[in-house]
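*Asks:* Please build the complex by placing chain B on the supplied structure of chain A, with the hints as guidance.
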Amino acid sequence: MIENVKDPSLEAHNLTVFYQKRPAIWNLDFTLPKGKIIGIMGPNGSGKSTLLKSIMGILKPNDGWVKVFQRKIDDVRFKVSYVPQRQSIDWDFPTNVFEVAKMGRISSKGLFKRFTKTDLEIVKESLHRVNMYDMRNRQISELSGGQQQRTFLARALSQEADLFIMDEPFAGVDAASEKAIIGLLNELKSKGKTLLVVHHDLHSAKNYFDWLVLLNTRLVGSGPLEKLYTDELLSETYGGTLTSLSKIATKIEKQGLPIRHK
Amino acid sequence: MSMGIDDIWIFACACLVAIPCTILGCFLVLRNMSMIGDAIGHAVLPGIFCAYYFYHSKATFPVLIGASLSGLAATFLIQWIHKKVKLQSDASIGISYTLFFAIGVILVSAFGAQADIDQDCILHGEIAQIPLDTLSLNDGFSLGPRQFWMLLGNTLLVVAFCLLGYRALWSTSFDEHFIKSIGIGVLFWQFSLMGMVSLTSVVSFESVGAILVIVFLVGPASTAYLIAKQLNKMIWWSILFAIHACFWGYLAAILFDGSIAGSIATTMGIQFFVVFFFLKWAQNSSNKSLDLQDYE
Chain A
3 MIENVKDPSL EAHNLTVFYQ KRPAIWNLDF TLPKGKIIGI MGPNGSGKST LLKSIMGILK
63 PNDGWVKVFQ RKIDDVRFKV SYVPQRQSID WDFPTNVFEV AKMGRISSKG LFKRFTKTDL
123 EIVKESLHRV NMYDMRNRQI SELSGGQQQR TFLARALSQE ADLFIMDEPF AGVDAASEKA
183 IIGLLNELKS KGKTLLVVHH DLHSAKNYFD WLVLLNTRLV GSGPLEKLYT DELLSETYGG
243 TLTSLSKIAT KIEKQGLPIR HK
Chain B
181 MSMGIDDIWI FACACLVAIP CTILGCFLVL RNMSMIGDAI GHAVLPGIFC AYYFYHSKAT
241 FPVLIGASLS GLAATFLIQW IHKKVKLQSD ASIGISYTLF FAIGVILVSA FGAQADIDQD
301 CILHGEIAQI PLDTLSLNDG FSLGPRQFWM LLGNTLLVVA FCLLGYRALW STSFDEHFIK
361 SIGIGVLFWQ FSLMGMVSLT SVVSFESVGA ILVIVFLVGP ASTAYLIAKQ LNKMIWWSIL
421 FAIHACFWGY LAAILFDGSI AGSIATTMGI QFFVVFFFLK WAQNSSNKSL DLQDYE
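One line per chain: the protein sequences are A and B, in this order. FYI, in this note's numbering the residues of the first sequence are 3 to 264. FYI, in this note's numbering the residues of the second sequence are 181 to 476.
Bound-form chain A, shown alone:
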């Protein structure tokens, strides 16, 4: 069940990424709407983070392409904000909340231009919106998981982007932070922003998202939540078919895959 949209925020065609010889994502074709909260769901190792990284151009796809706002990612990076997985960085790094949030301004200021008053105002405002302003001088190693996540979100907000791409923002956060984050997502949506969120908890998914992308190396489905949130599709993503999919992966590893070309 794959539903396509006109004037997409994001479009992937034939997107394939291999690690060594094994496909992490294989032949993804989908389009995503604007102004929605979109959940990317799938079991561990189903290629969710790989998908985000190849959207951002951090990983080079072995085949296929992604377009963001119908342009190449390099032309629209200033409109896109990427929130990596919380565990991807060293939280013992000697820096504080404000400095991390300020990194978001590098996307428009570059590495050498001085930050102006306006920049600092934007950072301040972003910290207020995630309720971290009072903790701006905290060393980041002293933060709880939820506070770390909100610091990352403040950094994303201070980029002033139109598309937010978030890797597991709800993983390991406390209830209060979870509420704050989902509140923020809805607020951003009401301003017409598009949010692409990797998530793995099936239960909360139906309260959070407008649109789902179900992923298990290949695309199981992409469409509005009501149409996708069915037992059949979810078990195809998470359950029974898992074994046959991993068989396919192993087979491809052995034989090589004749990749379709553009």
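Just so you know, the hints here were simulated from the structure itself, not pulled from any lab data. Just so you know, not all the hints are guaranteed correct.
Lysine-lysine pairs mimicking BS3-like chemistry, simulated, CA-CA at most 27 Å apart [stated by the list, open to error]:
#, chain 1, residue 1, chain 2, residue 2
1, A, Lys-62, B, Lys-360
2, A, Lys-74, B, Lys-263
3, B, Lys-266, A, Lys-253
4, B, Lys-360, A, Lys-115
If you want the ones that stay clear, here's a sample from chain A, every Cβ over 10 Å from chain B, calculated [to be verified]:
#, residue
5, Lys-55
6, Met-58
7, Gly-59
8, Tyr-84
9, Ser-90
10, Gln-141
11, Glu-162
12, Tyr-210
13, Leu-227
Beta carbons are placed, not taken as given, at the ideal position from N, Cα and C, and that holds for glycine.
*Replies:* Below, chain B alone, put in the same frame as chain A:
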């Protein structure tokens, strides 16, 4: 024991090795790359050999160039293995520098008889001999040790590089993926950082020997890491710790008439543990006072 102008030159040179090594060391420690100094120390051997072999002299300049190139090549290989082969950084360091060192050993054992070298020539520079090699103007006016001016030049270069590239260096050390995601290339900064480390190490090896360079790359940064909550403060603290250790280490060396490098290195090690145990003690006693307040 007597202090003279030579002692001041030696101390100044120790500080001029300490400052650039320490600043670069802060970034290396935060990138889990702090053993790169040790790696470069061994990886320079093939470069030194080639310089001797082709120039048939121990002139400093070709040797420095040879050593730097070979050190740079090793750091590139380390980065490449770490990024492309996706091996952990310590393993990448280990496999690269042993390869370079081994090639150096083979070259020396095969052709070394003509070149009359061993790696002691450069790796084990002796800080006490710095005042013996002076620069002077045509009319005989002495400018002081040659090493001093070389080290000063290197220090200025490293400080300028780190000031100019500060935002880039810290943000790529902290969150490389994010910096990539906003479309900024991180490779340039990795390689120029490693280039600086390579150059600084080679220049410093010749003046003060390998041990002291590794000590300055790792020791002050690790000590400062214990107490600093901000990278810029960490850099200031580490410079302070480095100069502090130079001072007491050098003083002790004069007092006991011992090895200067060994004495400074020992002081640095002791300093680390003093700071560590002091912090533990301070933490415990503040916890205790909290407990007391609870009971009252």
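*Asks:* Give a verdict on every hint.
*Replies:* Hints and how they fare:
{"no.": "1", "hint": "A:Lys-62 to B:Lys-360", "in the structure": "holds (12 Å)"}
{"no.": "2", "hint": "A:Lys-74 to B:Lys-263", "in the structure": "holds (25 Å)"}
{"no.": "3", "hint": "B:Lys-266 to A:Lys-253", "in the structure": "holds (24 Å)"}
{"no.": "4", "hint": "B:Lys-360 to A:Lys-115", "in the structure": "holds (18 Å)"}
{"no.": "5", "hint": "Lys-55", "in the structure": "violated (8 Å)"}
{"no.": "6", "hint": "Met-58", "in the structure": "violated (5 Å)"}
{"no.": "7", "hint": "Gly-59", "in the structure": "violated (8 Å)"}
{"no.": "8", "hint": "Tyr-84", "in the structure": "violated (4 Å)"}
{"no.": "9", "hint": "Ser-90", "in the structure": "violated (6 Å)"}
{"no.": "10", "hint": "Gln-141", "in the structure": "violated (4 Å)"}
{"no.": "11", "hint": "Glu-162", "in the structure": "holds (12 Å)"}
{"no.": "12", "hint": "Tyr-210", "in the structure": "holds (23 Å)"}
{"no.": "13", "hint": "Leu-227", "in the structure": "holds (27 Å)"}
Comparing the model with each earlier hint shows violations of hints 5, 6, 7, 8, 9, 10; every other hint is respected.
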